[in-house]
Structures are given as structure tokens and as C-alpha cells.
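J.: One letter stands for each residue in the lines below.
Number of protein chains: 2
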Amino acid sequence: MNVLVVGSMAFDSIETPHGRADRVLGGSAAYFALAAAFFAPARIVGVVGEDFPDEHLTALSRSGVDLEGLQRAPGKTFYWHGRYHEDLNVRDTLEVQLNVLEEFVPRLPAGYEDTEYAFLGNMHPAAQLEVLSRLKQPRLVALDTMDHWIHETPEELRKVLERVETVVINDSEARMLSGQQNIVRAARAILKMGPRAVLIKRGEYGVFQFSDAATFVVPAYPLEEVLDPTGAGDSFAGGFMGCLAAADAGSGDALRRAIVYGNVTASFTVEDFGPRRLIALDRTEIDERYRRFVDLTRFHD
Amino acid sequence: MNVLVVGSMAFDSIETPHGRADRVLGGSAAYFALAAAFFAPARIVGVVGEDFPDEHLTALSRSGVDLEGLQRAPGKTFYWHGRYHEDLNVRDTLEVQLNVLEEFVPRLPAGYEDTEYAFLGNMHPAAQLEVLSRLKQPRLVALDTMDHWIHETPEELRKVLERVETVVINDSEARMLSGQQNIVRAARAILKMGPRAVLIKRGEYGVFQFSDAATFVVPAYPLEEVLDPTGAGDSFAGGFMGCLAAADAGSGDALRRAIVYGNVTASFTVEDFGPRRLIALDRTEIDERYRRFVDLTRFHD
Chain A
0 MNVLVVGSMA
10 FDSIETPHGR
20 ADRVLGGSAA
30 YFALAAAFFA
40 PARIVGVVGE
50 DFPDEHLTAL
60 SRSGVDLEGL
70 QRAPGKTFYW
80 HGRYHEDLNV
90 RDTLEVQLNV
100 LEEFVPRLPA
110 GYEDTEYAFL
120 GNMHPAAQLE
130 VLSRLKQPRL
140 VALDTMDHWI
150 HETPEELRKV
160 LERVETVVIN
170 DSEARMLSGQ
180 QNIVRAARAI
190 LKMGPRAVLI
200 KRGEYGVFQF
210 SDAATFVVPA
220 YPLEEVLDPT
230 GAGDSFAGGF
240 MGCLAAADAG
250 SGDALRRAIV
260 YGNVTASFTV
270 EDFGPRRLIA
280 LDRTEIDERY
290 RRFVDLTRFH
300 D
Chain B
0 MNVLVVGSMA
10 FDSIETPHGR
20 ADRVLGGSAA
30 YFALAAAFFA
40 PARIVGVVGE
50 DFPDEHLTAL
60 SRSGVDLEGL
70 QRAPGKTFYW
80 HGRYHEDLNV
90 RDTLEVQLNV
100 LEEFVPRLPA
110 GYEDTEYAFL
120 GNMHPAAQLE
130 VLSRLKQPRL
140 VALDTMDHWI
150 HETPEELRKV
160 LERVETVVIN
170 DSEARMLSGQ
180 QNIVRAARAI
190 LKMGPRAVLI
200 KRGEYGVFQF
210 SDAATFVVPA
220 YPLEEVLDPT
230 GAGDSFAGGF
240 MGCLAAADAG
250 SGDALRRAIV
260 YGNVTASFTV
270 EDFGPRRLIA
280 LDRTEIDERY
290 RRFVDLTRFH
300 D
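Top to bottom, those sequences are chains A and B. According to numbering that gives the first Met the number 0, numbering within the first sequence proceeds without interruption in unit steps and concludes at 300. According to numbering that gives the first Met the number 0, numbering within the second sequence proceeds without interruption in unit steps and concludes at 300.
Please note that a few of the clues may not be correct.
Just so you know, same-sequence chains aren't split out, so a pair can sit in one copy or run between any two.
Unchecked claim - For lysine to any residue, the following SDA-like pairs were computed, each having C-alpha atoms within a straight-line distance of at most 20 Å:
1. Lys191 to Glu67
2. Lys75 to Ala188
3. Lys135 to Arg255
4. Lys135 to Glu112
5. Lys191 to Glu155
6. Lys191 to Glu224
7. Lys191 to Glu223
8. Lys75 to His147
9. Lys191 to Leu222
10. Lys191 to Leu56
11. Lys75 to Val104
12. Lys158 to Leu128
13. Lys158 to Thr57
14. Lys158 to Leu190
15. Lys158 to Gly74
16. Lys135 to Ala213
FYI, nobody ran anything at the bench for these hints, they're computed from the structure.
Turn these sequences into a full structure, and let the hints steer you where they fit.
T.: Pasting the structure below:
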């Protein structure tokens, strides 16, 4: 099965206590698709500017990402500049230039309309809804969002939430969206908005999955060296959705395995700046680390 | 096998966003022993003042805690008053009265010297060392500490660290003790100080265990209602050590099972103010929640 992401493509300038990287490939769609493509054919709907270099397109294509849905618009690519604190869970945004993203209207190529697994990356909920309405027979649609849309476009966001299967969101956003401090209550409140499952990303602490059917809680893969957390959440979502698409299943054992694969894929992303590690990665490394993760977390009852 | 704790006995006044409790039973030794006693015979070495009521002693005895090592000294019992933030991971200490704890010199009854499993609760490292030196043939000695001793008595702390098997410590203290921000590096640095294993308590995010032999990472039991986090870490340590003592084993599967049992025991503590839930708890509830935890975390590889 195919997996589609609609989301941002960006240049990122990143500063962490361990170094910096200037104008590297970034954006939720880029990280998602690179991660998903390890498991299933991945498709991007997004936009870049005239300044977007061919080398990035080549890197994505070589990784197995279909770029037919990637628009090139007059103007410059979306730009983000951020700095992480000593505690890498905290970051400051130093500069944002929306550029071509400001006028972006997602358009699905005809060949994408039959996509079974779709991820509506963090963007205006009206744009998410537009993509959703174009999908003919989706098996599973997941959504990400952020504080900006929660505060500025709550009505539109509610409409998308009513129509998606799964929400993939980080813990502070889950609290904001639900108005609940406790993470279990937050997840329960989000379920009432429509989705059948909520996945809460907790950064270095792992993932909490909640649905009427089951709860699953899993720690992150412990790493001795985290150079740059950028893209970890999107890599998680990509690995997760790619794995679901490959199994063509969205519940039970397959769901849990997909969450762990997403977790493990994201653990590579943060080992280098930008998507460098993800681009150099091969599937056997992911499978090896998955087995190592089983050893790290297994206990006998 | 028996399990011994040397640590504080206290009156706690606790304020959380969910309510308050005044002058309830508290202290690391109380929480530890109540938790440990579900699994193995538990012994306390500690001190209370003349104001300490019989009802608390009765509650401890009824829970299976031996109090021969509990001294009663002239003066008042150690008192702590704290307030938790909306984010329950953060708390402010509003008042501390050391009282009888100030002059406390731990004394082991002769019958305690053969204790196999001992926990040196958070206190002056010289007092921890004194207890350690009195144990004739300990199988496993674990230690807790806090920022105060890390900063004020680093030399003495180093001496105890050289002689204990295991350190049980929370994440911010692990960072402080090691000077490392990354939790894996922090654990590795602490191992170099002498212990063969480090257990890092991460509050609502679970536990990270690190040794030369193996790494184990496990999430906390997700709770919908946390009324009062006080004593969670000591309950974890008590459940963990009690379980090790019951199995008379300190590695491999038994170690991991003990960590999960500690985890599960602590999850009850925080469901009510002070040690109320822990005192009302019975072992079948712990076993039930253990099985539920297996379901919550299991995935098939």
C-alpha cells in the first residue's frame, strides 16, 4: 500500500549545543517521507520555491519518495531557524519565513487519489480537509497539528478531527488541544473529538497510544548522543505510517509494531544534523535496532 | 530474605492542584518500607520524635514492617511542607524542620546486621557509610541521594558510591552527580564511580536501568488521576528492593521484574495523598496491575 504525506518542505538552520547546520533540507513532509519510504512507497504533496536545489530532490527520489505531488512555486522555499537549549526538549524559533508556503494550496495528482494511508502534516486545517476530501478510499488517515492552529483555527481543526482515524501529536499540544494536564485524560478528551486513536509523542520519553480498544505505552530508544532533535516527531510518524501501510493493518499487533518501528526510525534521525542520518540509513540498520529495542524493553511476566 | 531501609521518617504537609493533606505520615523510610513489605519482610532504621503518634507505628507494623530499628528521640519529628505545580513534576519546598533528624545517628539492632538487601535512603553519606559498615554479608546494597549531598559532601558521597552495588536516583540528580545532560552518559559516568548498576527514576516517564551487562528501559504505568506524587520514588525503590529480596536475585529477568514491580507499586502511591493508598493496598491489586502493565507494554517482534 502507498503512503502519502501533505506537509511542509523547508530549509532549516539549526543550532544545538553540539553544533549547527545552515539551510539544510527540512520540513515535516521531507522527514516523514524519508522515514516512510523504508517501509512502503511514499508520496509527497507540498511546495518548494525556485531556490530549492536538485540535490535535495535527488536525495528524496533515491530514497524511494515519489515527487509528482511536489509543486514548485515562484519565490523562495519556507525557511526555519531555531536553536535548542542544553535540554534538547526545549527550543526557540529565531526566524520563520513562510515564503511559498503562505500561498500553498495542496493539489493531489490524479494518481494519488487512491492512496490508502495518508498523513495530514501540521498545516492549516482547511488545507488538511481539502486533501482529505480528495482521497477516494482511504484506509487510515492521520493528522498532526500545532499550537498555532489549535488557537487560531479551532473550528476548522474540529472539522478535520471529526474525519480522521488517528491523531499524532506531541504532549504539550495534546494538553493544549484537550485542556487537560494529565496525558491519559488529554488522550481521552481528544478521542471524543472524533478520532479512533491518539498517539502522543513524548520526545525522549517515547510514545503513548490510546484508543477505546487498547492503550500502549513505549519508551524511546535510549541514545548516548543526540546531535539534533529536528524532525524526530515527523520521522516517527513516517516510520509508523509506512509500517502500517506495508502491513495494510491499523490495529492490534501490527499497530504496536508500527509504533515501535516509528520510534526506532526517529532514533536515527536525531543522531546527526537535519535528515543526514536518515538519508544515509538502510533498512537493515533499522531492523537491527528494532531487535535491540526488543532486548532493551523485554521483561518476563 | 530481609530488606532494610535507613532513611527519614516525617510529617508531611502536601499541597497539590487536587487538594492538600496536613501532617500525614511521610519520609523515605516510611514509603520504602510500606512498599517493600508487600514482597519481603522489611525493617526500618530511622528516628521519630516524641510527637509521633502510635497510629502511624501501628499502620507500619500491620503492613509487615519491623520497627525494632526505629529510634524515638526527644524533640519533634522531621517536618516537610511542599507544594506541587500544575505540572506535578515540579514542586516547591515551603518549609523544612529537621528536628530530631538533625542529630540522628543510625544504629542497627544486632538482629539487623545479617540483612541481605539494604537501601541507604537519602541522607548524609557518612550515616549511609556507617550503616553499610555494620552489615555483615549484604547481597545487594542500593543508595539514593539528593542535590544537597552531591554539592555539600561530595567526598563522603564518593566513598559510599565506591561500596554500593546499585544507585537509585532521579534524573535531575543523575545529571547533577555526573555532570552529563544525556541520561545514558550520566548513567555511564555514575557506573565509573563504583556501582555496578544505576537506576534512574524519571517520574511519570518511568525508569532507565543501566549496567555493564544490560540496559533496560520501561515506561511508568499511565494513570488518569495523580493526586499526590510524594513518595513515588521511595515506593518504587521499596517495591524494587523488596522484590529482589523475595527472589534473592539481583540480575537478569529477576532484576527487570523487580523494576516493573517497583514501578507498579509506585503507581498506587500517587493515587491518593501521602501513603494512604499504599497502606490500604493489598498484594493482589499489585499483581493485577502488573499483568495489566504487561498488556500495556507488550509488542511482538
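J.: In ascending order, which of the hints set out earlier in this document are inconsistent with the structure?
T.: Hints 1, 2, 3, 8, 10, 13, 15, 16 are the ones this structure does not satisfy, whereas the remaining hints hold.
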